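Here is what each chain is made of, one letter per residue.
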Amino acid sequence: MYVKGVGMTKFGAQTDTSQELVYEATMEALEDANFNMEDIDAIVSSTVDNESSGERQRGFSSILSSMFKKKVPILTSSAVCGGGGSAIWTANKMGYENVLVVGSERLLSNNTANTTDEILMAAERLYEQADGLIFPAQNALVAQQYMLRYGATTDDFALVAFKNHSNAYLNPKARFYKRQVTLKQIKKSPVVASPLRLFDCSLSVNGAAAAILTKEKTDIEIAGSSLYVDRLSAFENEDMTSWQASKLAAEEAYKQANLSPSDIDVAELHDAFTPVEVISYEDLGFCKKGEGKYMIRKGTVNLNGKLPVNTSGGLKAKGHPISATGIAQVYDLAKQMRKQAGDRQVDNVNYALAHNIGGAGSTVTVHILKKVGA
Amino acid sequence: MIIRWICEKCSKKWIYPIEKCVYCKGPVIKQKGAKIRVAGITKVAIPSPMHPIIPYNVLLLEDEHGNRMPKKTMKDYKIGDDYVEQRAKGKDAVAVVKVKYDIYEAIKDAVGLLNRIDLGKDDKILVKPSIVAAAYPYQAVNTNPDFLNALILALLEHGISKENIMIAEQALIGSDSMDAASKAGILEVCKKNDISFADISKGPFEEIESDGYKFKILKETLNRKIINAPIMKTNSQIGLSGAVENLSRLCDEPTQRRMYFDNIDETLPKLVNALNVITIADATSGMQGQGPLTLGEPAFLNLVYAGRNPAMLDAVFCKASMLEIPPYIKLGKNAIKDIEIVGNELDALKYPIKKPVAEETPHPDIKVIDGKACPACLNAMFNATSRLIGLRGEQLNLVMGSVLSGEMLEGKERLVAYGDCAIKRLDEMKVKPMAQISEKTDMIEQIVLLKKLLTSKGEATITPIDKVKSKMKKLLSRVVQ
Numbered sequence: 001m002y003v004k005g006v007g008m009t010k011f012g013a014q015t016d017t018s019q020e021l022v023y024e025a026t027m028e029a030l031e032d033a034n035f036n037m038e039d040i041d042a043i044v045s046s047t048v049d050n051e052s053s054g055e056r057q058r059g060f061s062s063i064l065s066s067m068f069k070k071k072v073p074i075l076t077s078s079a080v081c082g083g084g085g086s087a088i089w090t091a092n093k094m095g096y097e098n099v100l101v102v103g104s105e106r107l108l109s110n111n112t113a114n115t116t117d118e119i120l121m122a123a124e125r126l127y128e129q130a131d132g133l134i135f136p137a138q139n140a141l142v143a144q145q146y147m148l149r150y151g152a153t154t155d156d157f158a159l160v161a162f163k164n165h166s167n168a169y170l171n172p173k174a175r176f177y178k179r180q181v182t183l184k185q186i187k188k189s190p191v192v193a194s195p196l197r198l199f200d201c202s203l204s205v206n207g208a209a210a211a212i213l214t215k216e217k218t219d220i221e222i223a224g225s226s227l228y229v230d231r232l233s234a235f236e237n238e239d240m241t242s243w244q245a246s247k248l249a250a251e252e253a254y255k256q257a258n259l260s261p262s263d264i265d266v267a268e269l270h271d272a273f274t275p276v277e278v279i280s281y282e283d284l285g286f287c288k289k290g291e292g293k294y295m296i297r298k299g300t301v302n303l304n305g306k307l308p309v310n311t312s313g314g315l316k317a318k319g320h321p322i323s324a325t326g327i328a329q330v331y332d333l334a335k336q337m338r339k340q341a342g343d344r345q346v347d348n349v350n351y352a353l354a355h356n357i358g359g360a361g362s363t364v365t366v367h368i369l370k371k372v373g374a
Numbered sequence: 001m002i003i004r005w006i007c008e009k010c011s012k013k014w015i016y017p018i019e020k021c022v023y024c025k026g027p028v029i030k031q032k033g034a035k036i037r038v039a040g041i042t043k044v045a046i047p048s049p050m051h052p053i054i055p056y057n058v059l060l061l062e063d064e065h066g067n068r069m070p071k072k073t074m075k076d077y078k079i080g081d082d083y084v085e086q087r088a089k090g091k092d093a094v095a096v097v098k099v100k101y102d103i104y105e106a107i108k109d110a111v112g113l114l115n116r117i118d119l120g121k122d123d124k125i126l127v128k129p130s131i132v133a134a135a136y137p138y139q140a141v142n143t144n145p146d147f148l149n150a151l152i153l154a155l156l157e158h159g160i161s162k163e164n165i166m167i168a169e170q171a172l173i174g175s176d177s178m179d180a181a182s183k184a185g186i187l188e189v190c191k192k193n194d195i196s197f198a199d200i201s202k203g204p205f206e207e208i209e210s211d212g213y214k215f216k217i218l219k220e221t222l223n224r225k226i227i228n229a230p231i232m233k234t235n236s237q238i239g240l241s242g243a244v245e246n247l248s249r250l251c252d253e254p255t256q257r258r259m260y261f262d263n264i265d266e267t268l269p270k271l272v273n274a275l276n277v278i279t280i281a282d283a284t285s286g287m288q289g290q291g292p293l294t295l296g297e298p299a300f301l302n303l304v305y306a307g308r309n310p311a312m313l314d315a316v317f318c319k320a321s322m323l324e325i326p327p328y329i330k331l332g333k334n335a336i337k338d339i340e341i342v343g344n345e346l347d348a349l350k351y352p353i354k355k356p357v358a359e360e361t362p363h364p365d366i367k368v369i370d371g372k373a374c375p376a377c378l379n380a381m382f383n384a385t386s387r388l389i390g391l392r393g394e395q396l397n398l399v400m401g402s403v404l405s406g407e408m409l410e411g412k413e414r415l416v417a418y419g420d421c422a423i424k425r426l427d428e429m430k431v432k433p434m435a436q437i438s439e440k441t442d443m444i445e446q447i448v449l450l451k452k453l454l455t456s457k458g459e460a461t462i463t464p465i466d467k468v469k470s471k472m473k474k475l476l477s478r479v480v481q
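Keeping their order, the protein sequence lines are chains A and B.
Straight run, no breaks: the first sequence in the numbering used here ends on number 374.
Straight run, no breaks: the second sequence in the numbering used here ends on number 481.
There could be a bad hint or two in this list.
Said to hold, decoys possible - Sample of chain A residues at the chain B side, in silico, Cβ under 8 Å:
hint, residue
1, Gln19
2, Ala113
3, Tyr127
4, Glu128
5, Ala130
6, Gly132
7, Leu133
8, Ala137
9, Ser233
10, Phe235
Honestly, the hints are just simulated from the structure, not real lab data.
Computed from a predicted model, the values in this text were never measured in an experiment.
All residues carry an ideal CB built from backbone N, CA and C; glycine is no exception.
Bound-form chain B, shown alone (with noise of 0.2 Å):
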């Protein structure tokens, strides 16, 4: 569809969307073309980076109104052709559509291209975006406001009511979910929209069982249709925390512990198996690098991601990405191939953004051997290793979680067992560390051992001369707030 925004006054033309004419201040109202052909068509046969698969094509289409836009696309045409975007046969499609300055058009264009979604006006709704942590949203670790509020928007021009709309996320374990809300600008789009809020932490949850795993989840989930609202990001941990790793946050802590615990690359599919989600996921400000916190680095993809089949929408963003599907992602039979994907081509949207590396933290010198670690592992260690950056010294190898071989500690000195996890599983294996960190440490005391771990050659532990330093440096710093 083109759309371009045009004072009903003078008739100005704008390509993207403005609040009233500079000319007239007269109202600016959406003109939509339907019919559209090809006006032109160019097959570039250079590679850049934004575009690296050639050749490709870029056709110039135009509407019955004269307006024309650019489109790539791997398929040949002819001018003249009418230009008709396919709706998805099957219900597993993928349609991922370029957002041209309006997300919610965007949105509606992505859903508009699924085979039957099944929203009724009187369905209760619980959207789940992802807000992990608090951080702005220019630093794209949460959900974008501007994509919820497009996407309650969507909802409430469909003819569902916002009594029935539910918004419910939980922060990473160990962060508070309110505040997260509160940076991340969610809650003042629930509050200029009269939605409600829940902190999924607070419950109350329900017992379910999926393929003999299992989970206790919010018991709301079980009684509302649920959208699943991502952001799609990298993750240095588990490759991607897109629409499937979303979920996990629909469940109470010790249930997503006990999901790293026992092997979140198996226990993660048999939630999702358990869920019937539609999932719309917001790529405008995806993220790249060292995710799926402030590690990491927005990256601007300006995509709207749609489907009912989460695996697969996040295995498409992870090939449009050029990056690894992770092996949390079962497709079953299903090969990428054999995903039908509407709104754009795969090889059209491929663009390399940058990838997770797995073993490394904020401090240059300190490295993860990760067996799978829950979130509150990892967000503690991110804390307490972000807060020694400017200290050089010794590498430290910190182990954690319980998926640990010897083939991933072989050949690695200055072992520290990080998390109660690594310090059992570390014993398991007879892996005498250089020293522990158990879950219990307090921030202030992990901070002093890593800093002693960091300066000298051999082992340290935690005196009670540090118990001492680090209880008067607490107070201290509660004096200073």
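Just chain A, same shape as in the assembly (with noise of 0.2 Å):
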């Protein structure tokens, strides 16, 4: 299928429903589109109701036939953070002509302390739920296996959340724009789960995106999608340091697309955690095993390097509103395909790659955009 047009809203803290949050993301990707909900055949949504404010809502593709007034098939796709990339995986499959794929978030509802522990929801409960693995410690201990077996240093993982923040400043949509943050304060920021820092984590935020498929030629072809799906808990992996269905969904993408990892102008990657980043780099092919330190270290996934990696600030920076990230990573590839990003616009964008993650390396989609005619 190709893209028709991308909607996305700010990812921050606003107050806005989950409703008015699809709304407001639809009506962006309808007019990206030219096209009016009419012309849907389809929607698959991407929510995972974890408001734990008490403002839960499940049903959500019946909300979606009441907002949208369509008598379609919606379906709703649920991988947790992974959901957004499984529902364009879902949408890229059913077989219609013009399909809505929408994923929205409040995570923002509670406090802190509440919204980790619904966050660890996603984890195994026997081992990981009860003896305090909640998601940074997870990332954690993956990180120091990491560290310990290829010498990675903290200061890496600091360079990947330095880089991103620099591309979000620049990102209108993103949690951090225009805010400034240093190194210096990322080395600083209190240790969540060691060796993780605050600044080593993804930022919780309520937002919405949206993309419209079609099998229509457009100028923005899905040359490559794939989705698998590995064990829930990191500590039943044999090798820790890889996300093995990463590694098998990258290669069945390319394989698709008729790439290779050295083909990709510019991609967007699953940084829940800033290590996650680094071995991604590895397990999508950008690199060889343990390498990954060097692509940060040499700026090789800069704005300005041979790859750039998350110039829309990532999950990082521009924040991680769960179910709505990995439509939000197409969002921002497709404009970055057009040509439309602004002070963060990559040259020459003819191949990218969204990289999109649910759970600890359990649900893993891999998407290729080609600009046609390239």
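Combine the two chains into a complex, taking the hints into account.
Below, the structure is given as structure tokens:
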């Protein structure tokens, strides 16, 4: 399929309801596509119902039917943090002419402790939840194993945070837009789960993103679309320093697109925690195993580098509204491909990659976008 | 101990038990690691509702098979350290073990951590679960049948013959024990394992004396070793139904009533002193909020507690669940910090469950002023008030039990003496309630009276017309049945 139009809200602490967020993102996507709702044949939504303040809403498909006055197939895909990518993958497989994909989340609706607990519900319950393995702790243990084996340092992770904050500074839709963060601030930020500090963790935000996919040829083709699911618990993996589902999804997406990692011009990676971005450079084939640290040290992944990564600011500094994230990645890549990325514009983007993870490497999607005619 | 379930034919592994391999259909066996080392450690500095005490560490443990698991601890370790679970040194230690998909292993772990448990192969055992009312296992009112089944398997594996094991319990006064055991799934477990179930209320009983107080307890208790197997629940009346409270139902009905009449906070510890028990408590799915019956909510705790001292075990449970320790839990000279806890550290276990509120009943307009009413009256009160849900009115205060003081009644209006103890005590205190409901009052008459009281501002009494109405209702309900 092809990308017809994209839309997203600003990611932040706004008090809009889920419906309002969905409406805003969808309206932008419709306008971008020069469509109206009559043109839509099916909808795939993504949300995890984690509004722990009590404003819970299940049956989201019917909410969308009510809002859009549509009696068409509406599916809700839930793969926690990987829900957005999973929704795009589903829409791409459905076979309808025009499909609206929309993801939304109101993650900032309670205090940090309760939100942490809500997110923890995506972890395995008897080993992980019961033994305090909140997501920062899970990723801290993964990072530690990676550091021990491959010699990466916390300074490398700080550079990832600094790069993504620098990009978010330029992105009007990012939570940290025009908010300067220094490397010193990052390195001095409080420890959340050692060795990870506050600035190694992505931002819980509210927001929504939408994309309209179509069979009609547009300027952006979805050349590769793959989804792999691995076991839930990171500690169960034979190798804790690599997400197997990322590798499998990447291999399949490259094969579908008939491309190799070196063809990619820009990428949005799932930097829920800074070490995950470094590990993902390797899992996605941008460098060899253990060499991710050089990608960030040498500036390869900076905005002016050979392969700019997370030009939007990523989950780290743009924000991570769980189910909207995977769709927001496609939003940003489409903007890059259409030269609409403003101060963050990367030159000559023909091939772009979106990488979205749910859980600790559990549900992974990789999408490769190709500029038609490239 | 780290356990994996591994297919004998194709070596695929699971972190939970499955019957046979989903690929080759081969048999699945347990793979247990014995030598465990610390492969990773993170210190967590942010609190969450499930883990409120910070900082805490999460260890990444790895065994000789390469199997891993996380383990929360307050202690500091280094990568490469050996990890050894320390066994108890003292006899009153409390073991707390997290269930990792296998209750049987958790029970064995918990008992194994205690300092030498004296159970011989030829011993006769009486297992005393909590089965207080007819309720399904998911409601967490009674000891979970899966827990009891695992406990029986552990006893059989220890070499105790099934002929020497007896499961014995009686429901709350006013409830049928066999109905309760049946609905709770306990009879099915007994049948499956070919083990007898005894309804304690049928006796015979024998009198014993402890600290100057006389108890009539089940005679079998004196001939067998007792394994106390309560489910851990909040109790809106006495704070907690756990290891100590469970033992009260070894007594006959008059003794139970008398224990409450004479102040359960003082009589229950005397009963505990008279008994020598091993407690293996079910906190897999315990109860929180308005326990101990179905007004309470199941609490997914996923723990097994074990110990020789029921009071200490209850105290540790209260602290771990962030509940107040009830007055009937007497720790003697020991403070909670003196209790030896093995398996998990107390601060690492702390997780707040919902507290019970003593004055609440199922009905929003009916409150209780409880002077330690006996379970019979309490059970009847819950029954009567729950049938009036939906009918709103003026607030009523049901006064119950005999341990009442002027302070408890201060500022309270629209008092209704509920039960013979309260009627007698209010009379002694020269307090005139707006109505009296004696224990002989038929349930339908009770409901009729409470309904009148709720919906009228003044006094209400049972009139001859009410009696006729209640008899007709009773007759009608029989016809319908």
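Chain B contact restraint for alanine 113 of chain A - C-beta distance below 8 Å:
This interface hint holds because 5 Å falls under the 8 Å limit.
Interface hint status, leucine 133 of chain A versus chain B (Cβ within 8 Å):
5 Å, holds
When the least beta-carbon distance from phenylalanine 235 of chain A to chain B is tested against 8 Å, hint result
4 Å, holds
Is the interface hint for serine 233 of chain A satisfied, with its Cβ closer than 8 Å to some Cβ of chain B?
7 Å, holds
Alanine 137 of chain A was flagged as interface toward chain B. Is the shortest Cβ-Cβ separation under 8 Å?
Where the cut-off is 8 Å and the nearest Cβ of chain B is about 5 Å from alanine 137 of chain A, the hint holds.
Does alanine 130 of chain A pass the interface check with chain B, least Cβ-Cβ distance below 8 Å?
6 Å, holds
Does the closest beta carbon of chain B sit nearer than 8 Å to the beta carbon of tyrosine 127 of chain A?
OK, holds: tyrosine 127 of chain A within 8 Å of chain B, min 6 Å.
Taking 8 Å as the limit, does the beta-carbon of glycine 132 of chain A come near enough to a beta-carbon in chain B?
4 Å, holds
Glutamine 19 of chain A as chain B interface residue, shortest Cβ-Cβ below 8 Å:
28 Å, violated
Go through the hint on glutamate 128 of chain A and say holds or violated, using the shortest Cβ distance to chain B against 8 Å.
6 Å, holds
Hint violations for this structure: number 1 only, all remaining hints satisfied.
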